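Chains as they are written, first to last, in this note's numbering: chain A, 4 to 330; chain B, 4 to 330.
Bear in mind the hints are in silico, worked out from the structure with no lab data behind them. None of the values given here were measured: they were computed from a predicted structure. Please note: incorrect hints may appear among the correct ones.
Chain copies aren't distinguished; within one or between two, either way the pair holds.
Claimed, not checked - Distance condition first, Cα-Cα at most 20 Å in a straight line; then the derived EDC-like pairs of lysine to aspartate or glutamate: (1) 153 <-> 197; (2) 239 <-> 58; (3) 120 <-> 186; (4) 190 <-> 215; (5) 239 <-> 18.
There are 2 protein chains.
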Amino acid sequence: MRIALDAMGTDRAPEPEVAGAIEALRKFESDVEVVLVGDEPTIRAELAKHADVPDRLHIHHAPDRVTADDAPASVIRRKPHSSVVVGLRLQKEGAADAFVSAGSTGAVMATSLFTLKPLPGVDRPAVGTLLPTVGEPCLLIDAGANVDCKPHHLVQFAHLGSTYTRNTLGRENPSVALLNIGEEPGKGSELAVETYDLLAAEPGINFVGNIEGRDIIGGGYDVVVCDGFVGNVLLKFYESVAGLIVSRLHKELDRSQVSEGMEFVFRVLDYAETGGAPLLGVGGVSIICHGESTPKAIMNALAVAARAVRSEMVKHSARDVKGVEVS
Amino acid sequence: MRIALDAMGTDRAPEPEVAGAIEALRKFESDVEVVLVGDEPTIRAELAKHADVPDRLHIHHAPDRVTADDAPASVIRRKPHSSVVVGLRLQKEGAADAFVSAGSTGAVMATSLFTLKPLPGVDRPAVGTLLPTVGEPCLLIDAGANVDCKPHHLVQFAHLGSTYTRNTLGRENPSVALLNIGEEPGKGSELAVETYDLLAAEPGINFVGNIEGRDIIGGGYDVVVCDGFVGNVLLKFYESVAGLIVSRLHKELDRSQVSEGMEFVFRVLDYAETGGAPLLGVGGVSIICHGESTPKAIMNALAVAARAVRSEMVKHSARDVKGVEVS
Chain A
4 MRIALDAMGT DRAPEPEVAG AIEALRKFES DVEVVLVGDE PTIRAELAKH
54 ADVPDRLHIH HAPDRVTADD APASVIRRKP HSSVVVGLRL QKEGAADAFV
104 SAGSTGAVMA TSLFTLKPLP GVDRPAVGTL LPTVGEPCLL IDAGANVDCK
154 PHHLVQFAHL GSTYTRNTLG RENPSVALLN IGEEPGKGSE LAVETYDLLA
204 AEPGINFVGN IEGRDIIGGG YDVVVCDGFV GNVLLKFYES VAGLIVSRLH
254 KELDRSQVSE GMEFVFRVLD YAETGGAPLL GVGGVSIICH GESTPKAIMN
304 ALAVAARAVR SEMVKHSARD VKGVEVS
Chain B
4 MRIALDAMGT DRAPEPEVAG AIEALRKFES DVEVVLVGDE PTIRAELAKH
54 ADVPDRLHIH HAPDRVTADD APASVIRRKP HSSVVVGLRL QKEGAADAFV
104 SAGSTGAVMA TSLFTLKPLP GVDRPAVGTL LPTVGEPCLL IDAGANVDCK
154 PHHLVQFAHL GSTYTRNTLG RENPSVALLN IGEEPGKGSE LAVETYDLLA
204 AEPGINFVGN IEGRDIIGGG YDVVVCDGFV GNVLLKFYES VAGLIVSRLH
254 KELDRSQVSE GMEFVFRVLD YAETGGAPLL GVGGVSIICH GESTPKAIMN
304 ALAVAARAVR SEMVKHSARD VKGVEVS
C-alpha cells in the first residue's frame, strides 16, 4: 500500500514529516510505502540529514503550499499544485491508498470532500478523534467538520463511528452514546432530544443512551456522538488542559518517580503524540493531524492510515451507511 | 446579612452544610448570619456533634426535601415545604439576602427563576461558573441553564458576566470572549456568527472576539460566553478530567515534592472545593453548588453569596441590563 504524506503540513515542515515517515517505514510491515508530497528540493534537503533512508520512501513534487490564510473551500481551485490538492489527487487517481496531512484542517477537509466525495448516503462526513480515557479510548465524532447539524446527521455519525471502531479498531459491538447535558431521555437541546429518539429506533447501532461531559473520561463508551461545534470545543479544550498539566508534570517528574496509579496521566501525556483523526464518510482515506505534530505523531498518523487501508474502512463504511435513511 | 443555606442539598446532607456553615461563621465578618433551612431535628442532631456553635447560626424548619426524581419545574408546586422552596421564599420575603444550595441544580434554577423572577430585560438568567486558568479564573456563562439559545440571549449573558466580574469580582473593564471553533469573525455555527456581530456592535461590553476551546486555560479572558449546552458539557468534562488527574496526583505526590511549576495543577486541585456558581439575571442571590460539596466547598459558596450581597450584585445587574435591547 502507498500512503501519500503531505510533507508541507506541520508548522516545522518538512522536518517532522520526513523523520516520521522514515521511522514509520522502519517499523511498519514491508508492504507499506510512503510518498512525501511537497516541494522536491526542500524535501531532498531534509532527507539529506538522514542516513539509511528506506527505499520505500518516495517523493512526489508539489511546489505550492496551503497556508492558514487560504480559505479552505478555495484551495482546490486556487492552489491546484499545493501538497494537499496533489496528495489527495494521487489517491483519486489510484496512485495512493491514503492521504495524511498536518496542514490546515479546514483545507484538508474541504479538499478531501471535493476530491474523494462523500459516500452514498452520507450527507456530512465527520472527523472521528480518539480521546484517551481511563479505559479504552473513545471515538468522539464529529470533532469539528460540521457545525450546524440536524438529528439525522448525528445518526450518520453514529453509523460511521460504529463501523470504524468495529472494523478498523476491532471493537466488538461498539457502544454508541449521545453527548448531552442530562442522562434521561428528553433531556437536553432540541437537537439532542430528537437525535436520542432517532438513535433509539435506528437498527445496526448499539445505542446506550445519553452521557454527560463528565462521563467521557471514565471510559466504557466506544463512540460518543455530538455535533462538530461541541466536539471541536471539547477536543481543543481537552488538548490544552492535558497539554498544560502534562507539560508541568513533565518538568517536575520522571516516569520512574511515579507508580501505576499515574498510568492514566501518562496515557494523556502520550496522547499528545497520538496524532491522526480520520475523516469518516468519504470515498477514501484522509487522516488529519495537528499542525504541531512531532515525528512520532506523524508516524502514528501513518499507522492510522495503514490500519484504515488494511481494514478496508471505506468498503465497510459504504456498506453500513447504504441502509441509512436520509431525510 | 443573612444567608439561607439549604441544609439538605448535598449527597451527605446535612453534614457538609452544617460543618461548612460553622467554619464560615468563624471566618467571615461578624455581620454575616447563616440560616440552615431543612428538617430541624436532623439539623439539631448534626449540630450536636459540634462544640462552640456560633450564635449567628440559625435554623429554619423545612420538613421536605427535593430529590433527583423530582421534575425541576414541578418542585415549587409539589414540594412547597422543601428546603429549596422554603429557603428561596425567605429571600423573597426579606428574611434572607441570599440562598445557597447543593441540591438538584435543575430544581434550584427553576425555583429561583419562579421565586426571584428574571430581572427586567433578561429573557434567560444564566449560570456563571469560574474556571481556573493559568492566570485569573474566567467566568464561563452559561454553564447550563439554557440549552437552546438565540444570539440576543448570548448578548445578555455577556452583560451579566461583565457586571458580575466587574462589580462583584472587582475586575476592571472585564474582557468578554465568544467561545467558538475558529478565531476569525464569520467562523463557527450560525449562532456564533450572529452573536459575534451583535457583540461587536453592543455598547457597554469589552468584546475581544472569538476564542477556541484551547484558549480558555491560558487565561486572559474575564468572561467566556457560550450557550448552556456547550458550557455544561465543557464544565462537566473539565471537572471530571481535573478531578481524575488530580486525584491520581494526590495519591502519588505531596505538595512538598513539587515546585512552583506545578502551581497551576494545584489550583485545579483546589478548584474542586471552589463550589458555588451564581445564577445571574434574577432578582436575588442564588448560588448553586455541587451535590458532592465538601464543608470547604460549602464555606466557599457562602463566601460567594456574601460577596454578591455586599457588592449589590442584583442592583448592578438590573442597572446594566436595563439598556439591553431584547429582540
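Checking against the hints above, which ones are violated?
Numbers 2, 3, 5, in rising order.
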